[in-house]
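Q: Heads up: the protein sequence lines correspond to chains C and Z, in order. Numbering-wise, the first sequence is residues 946 to 1974 according to the numbering used here. Numbering-wise, the second sequence is residues 1431 to 1532 according to the numbering used here.
Treat each hint with caution, since some may be false.
[Claimed, not checked] Here are the simulated EDC-like pairs of lysine to aspartate or glutamate, each with C-alpha atoms no more than 16 Å apart in a straight line:
no., chain 1, residue 1, chain 2, residue 2
1, C, K1548, C, D1415
2, C, K1860, Z, E1463
3, C, K1670, C, D1761
4, C, K1860, C, D1656
5, C, K1885, C, E1910
6, C, K1664, C, E1653
7, C, K1147, Z, E1444
8, C, K1860, Z, D1460
To be clear, the hints were calculated from the coordinates, so they are not data collected in a lab.
Chain residues, written in single-letter form:
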Amino acid sequence: MSDQTSSSHRPKPPQFSRAGQSALVEARGQIDSGPARRRQSNRLPTGGLIERAQTLTFTFDGQLYAGHPGDTLASAMLANGVHLVGRSFKYHRPRGILTAGPEEPNALVELREGARREPNTRATTAELYDGLIAASQNRWPSLRCDLMAINSLFAPIMSAGFYYKTFMWPAAFWEKVYEPMIRRAAGLGRAAGDADPDTYEKANLHCDVLVIGGGAAGLMAALAAGRTGLRVVLCEQDFRLGGRLIADNRVLNDRSSADWVAQMAAELAALPDVRILLRSTVFGVYDHGTYAALERVNDHVAVPPEYEPRQRLWRIHARRCVLAAGAIERPLVFGDNDRPGVMLAGAVRTYLNRYAVAPGRRAVVFSTSDETAATVSDLARAGIAIAAVIDARGTVPPGIEVAARVAGARLIAGGAIVRALGRARVRAVAVRTATGATEQIGCDLVCVCGGWTPSIHLASHLGGRPVWNDRLAAFIPAGLPDGMAVAGAANGQLALADALAAGAAVGLEAAHQCGASGQPAEVPATDGESTVNTALWRVRSARGKAFVDLQNDVTDEDVALAGHEGFRAVEHLKRYTTLGMATDQGKTSNITGLALMAEFTAKPIAQTGSTTFRPPFTPVAIGALAGSHRGKEFRPSRLPPSHSWACQRGAHFVEAGQWLRAQFFPQPGETDWLSSHNREVRTVRSRVGLCDVSTLGKIDVQGADAAEFLDRVYTSSWKALAIGKARYGLMLREDGMVLDDGTIARLAAGRYVVTTTTANAAKVLAHMELCAQWLWPELDVQLSSVTDTWAQFALAGPLARHVLSKVVDGQHAISDAAFPYLAAGQLTVMGGLPARLFRISYSGELAYEIAVPAGYGETVWRHMMESGREFGIEPYGTEALGSMRIEKGHVAGNEINGQTTARDLGLGRMLSGAKDFVGRAMAQRPGLMAADRPRLVGLKPVNRQDRLRAGAHFIRADAKPSGREDEGYMTSVAFSPTLDHWVGLGLLVRGPERHGERVHACDPVRGGNVAVEVCHPVFYDPAGERLRG
Amino acid sequence: MRIDCCYCGPRGHEEFVYLGDATVERPNGDPNEPRDEAARQRWVDYVYLRDNPAGAHRELWHHVCGCRAWLVVTRNSVTHAILRVEAARDVALARGLSPNPR
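Construct all of the structure, not just a fragment, from the sequences and the given hints.
A: If you want it as C-alpha cells, here you go:
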C-alpha cells in the first residue's frame, strides 16, 4: 500500500511555472515604471471600494495587468479594457463578462497553475491578489484565434440534441471516436491532474438564527436578531458586506449606502454573539435546520499561510434561518446577444460604483425595467457617453425620461435591439424602433436588463415548490423548509425600502421564535425608486443567434426545437437542450427558458413549472467536501500490538479490513512470498510459531441471562458449557445464512468472552446489541466490545507448551491434564500480568491463544519470541495462517460469504433442534435444504504439480465447459508445504456425496482447466490428534 | 438530518445507522412449531416483506457512533420530520415479553 498521498497535504511553497513567474517579475518592473499603471485605462479617477494606494499585478493569458485590493479578477480585467475572456462551450464563440457575481455564465477561467490550477473559476467572484495567474479556457491555439470556432460554421446542424442524433451510428464508434472528439471540442477548463497541495477542513457551527446574505435585508435581519442577544451567524458569499447597497449608489438616512453598510458592519461586529462569515456561500439546505456553507478562507491569496486551510466546509445547525439571498438580473434575448460588451445593467452599475471601472466608453441601454433610470444616471456620472436608451415598453415612465434627458441620451421607447454587431467586442447594435424601422447605433457597451429573478434556490432544496408571480415575472419561494423565512429581493421585495423593512421584521420574528424578545429595529429612510418591469422574453425576428443560456450555448431556436420534438416538460427541456446545466446551473437563463417553452406550448408559465433546485448553489470542490479525509486520514490503518516489532523484522503487510496485518516474514535468501510462507507453515507444524490474532473481534458478554442470550444468538447451546471451557460457535442471519463464527469461552457463571472474525467484528456487535435491546429486552445481558482492550497471540506447534511454560507464572498448571484442549482460564504471565489463556487451535497443532491487556501486548510478544528462541520459534503471518486453516478444512470469509448455510459448509450438526435461535426457522426452508445445493468439499489437483486457483468453476469431467454445466466454484486455495501440493476448498453441487470423483476446475479468464479430485475438506490430521495431547 | 437520541440529545444523522421497519415482529420462536406453509409465510413476512409508507413510519436506528442504543424513530418518510424517538428496549418491553418461552 503506497503511502505517497499522505505527505501531500502539507502546505508547499507557491508553484508558479517558471515561465509564468519570470513573466510576472518582468512585468512588475514594467508596471512599477509606469506603462502598466496607464493600462488601467478604464479605471475611473475617483470612487469605488478599492485601495488605490496599493497596486496588485496579475496575468491573464500571460499578459501582465494591474489592479487594486478590492478588485475581482473581472473588475480588474475590465479596468484594463479586457472584455474577451473565454470561448463558449459548444460554438467556441468569443465571450466576455456578463455579470458581477456568482451567477456568471461566461467569464470562466483557469485560476493558478500547476497542482493548484482550478478550472471554471468565475472571474466575477475571484478576488484579486498580487501574483494572480489566470488563463482562458476552451480555445486553441489562442483566445483571439480559436480554430475550434469553426464549430460556429456548423451551427445550423448543431442544434439541441445534435450529439444524440448525429453520432448514433456506428454504435461502436461512440466510445472510441465520437465521445473523445466531442469532449475535446466542447468543454470547459482542465483539472489540475496533480494532487491538491492545499488542505481543507470541516467544522460545525451552532446558532439560533442563520442569516443567508449580507445585503440590505440580511443586514437588517442580522441586526434585529442580534440585538436580542441571540447567537446569530451572517453568511455573505462576497468578501464585503452590502450586496446591492455597495453596487448601487443609494441614499439611506441621508448618507451614502456604502457608508450605511460600514456603520451596520461595525454595529454587528460589536454584538458579542453575532458572527459574520465573509467569503462564505451557503450552498445547501438539509433536514432539521442543517445548512452547508463553503468558506473560501484563503482563495484570495496565492498560497494559504502555514497551518491554514484553503477552504472550510461549515455544517451549520440553526434553529431559525432568514434567507436574504437577493435576486439575479436577467439578460434579454436578441440576435448575437453574447458579444463581449453586452452586460447586465446591474453589473455595469456594480463596476461603476463599487470598482470605479468604466466597462465602456459609449453605451446603449436596453431594458424593460424602471431601474434604467439608475443605470443612465450612473453611466452619465461616470462620464460615459450614452448613445441610446432603448425601452421595449411603449410607455416609458417619467423617471427614465428625465434621466435620459439629463444625460443627453436619445430615448427610444417601444424599441428593441434585434442584433449586436461585432465579434470580439460589440461595436454597434441594430435597433428596431417603434415604427418598425431598423437602424444601427455605434457603441462598445450594451447594458441590458430584463428584470430580476429572486434567488430562491435554497428555499427549494428540500422540495418546496415555488409559485409564479406575474407582477415580477418570476417564481417566489413557497413550501419553505422548517425554520426558514425569506426576506428582501429573494422574496420578491425588490425595492430597497421593502427589503430593509422585511429584513428587520423577519429577523425579529426569527428571534421571537427562538424565545428572545426585542424591539423592532428602526428602518432607515431611503431615496425613491421604481422597480416596475414588464417581461420581454425575446426580441422576435431577431437575426443572428439569440442565446437564452450563454454557458451551454442554448438559443431560443433550441428551446423551440425541444418543444417541437416533444421535450416540453421543464426537466425534459433541461436535459434535451442542456439549458440550466453546468457550473452556473442557469442562474441567468432558467426563467427565460421556461417562459419561452410556455410561449411555444401556449401554456401559462405557472403551469410549466420550474426545474428542481438541488445543492450546491455554486460549485464546491471535492477537496472541500473531503476535508481532511484524504489518504490515510480517510481510512486509517488499525495496527495490532506486534506491528512495530513486525516492521523491524521486515514483515510484508496486508490490509485486512481496517487492519494492517503481517502477511509473512521474509528471511534472508527467500525470494518470494511462497518460500517464506512454506517455511512458516513447516515451522508451526514441526516446532512452534507465534501469530498476532489481536484483530479478531472480542465481545464481553455478561449478565444473569448471558447463556440464554448466547443460546438465541448462536446455533448451538451454551448453558452446558462448563466454566473454564471454550467452544466453536456459529451464528446465522435471520434469513438462515451463516453470519459469522468464532469461539465462545465461559470465564464465570454469567460471563463469556466471544470472538468474531476480523472483518465482521462491528457487524456482529451491532447484531448482538439489536438482539439484546430489541428482540429480547427482558434478558439480563450486557455487551461490550473489548477488541482493542486485549492483545491476543496464537502460539502454535508441537513445542508450544514449552514456550508457554516460560511465559505463564509458575503457580498455574498448564499440563495437558490440567489445561486440556478447549480449556479457557484467567491466569498471570511474566510475574503478575493478568492474562487469559485459551487452548484453541486454528492451525490444527497443539496451540494456545493468550490474551493480555493491549498496552502490554508488544512486551509480551517480545518476551514470547525471546522465550521461544531455544525452541526455534518463528513468527507467522496471515499467509501461513490461511494455508493451515485450509489444510484443516476450516471455513473462513471466502466460504462464509453470505450465500452459504451451515449445512452447505458441513456444519449442519451445529444447528440445535432443542431451542430457538436467530436464523433457525429460515435455515429450514426447502430451498436451503435442497439436495443439489453446492456444499463444501476439498479439492486436490490430479496432477500434483498443478496450481489451483480460487474462483475456478467446477465442470463435470465429461461435460463441455459452459455456464449451464457450472456445478460450483473454488472458494479458497493454498499451497500445502505439508502435503507438497496445492489444496483447495470449494462449494460443489452434492459435494459430500462425490468424494473421489474427478472434475474440472475451469478458469477461462486466467487460462486453463485443471483436473481436480474431490475429497474430504480436512487434508491434514483428520482425526485431530495433533491438537490434543 | 438530526435525531434526538433519548440518551445523547440531538445528534447528526452521520452518527447513526439505519436498519429499517420497526413494526415487524419476530414470529413465535418455538423450535417445535410445525413446518407448515402458514409458519413459513410468517417467517417470510418477518424477514423479507416491508411496507413502504408515504408518511409516518416507525423505523429502527442504531446510535452506533454514540451510546449504541437501538432507537425506534417515528419519521415522516415524505418530509423527514422526526415525530418521536424512543429507546428500542423500552418499546420492546412495553410490547410485552418476547414470544420466546424462558
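Q: Each of the hints needs a verdict: does it hold here or not?
A: The hints, checked one at a time:
no., hint, in the structure
1, C:K1548 x C:D1415, "holds, 14 Å"
2, C:K1860 x Z:E1463, "holds, 11 Å"
3, C:K1670 x C:D1761, "holds, 14 Å"
4, C:K1860 x C:D1656, "holds, 8 Å"
5, C:K1885 x C:E1910, "violated, 20 Å"
6, C:K1664 x C:E1653, "holds, 7 Å"
7, C:K1147 x Z:E1444, "holds, 14 Å"
8, C:K1860 x Z:D1460, "holds, 7 Å"
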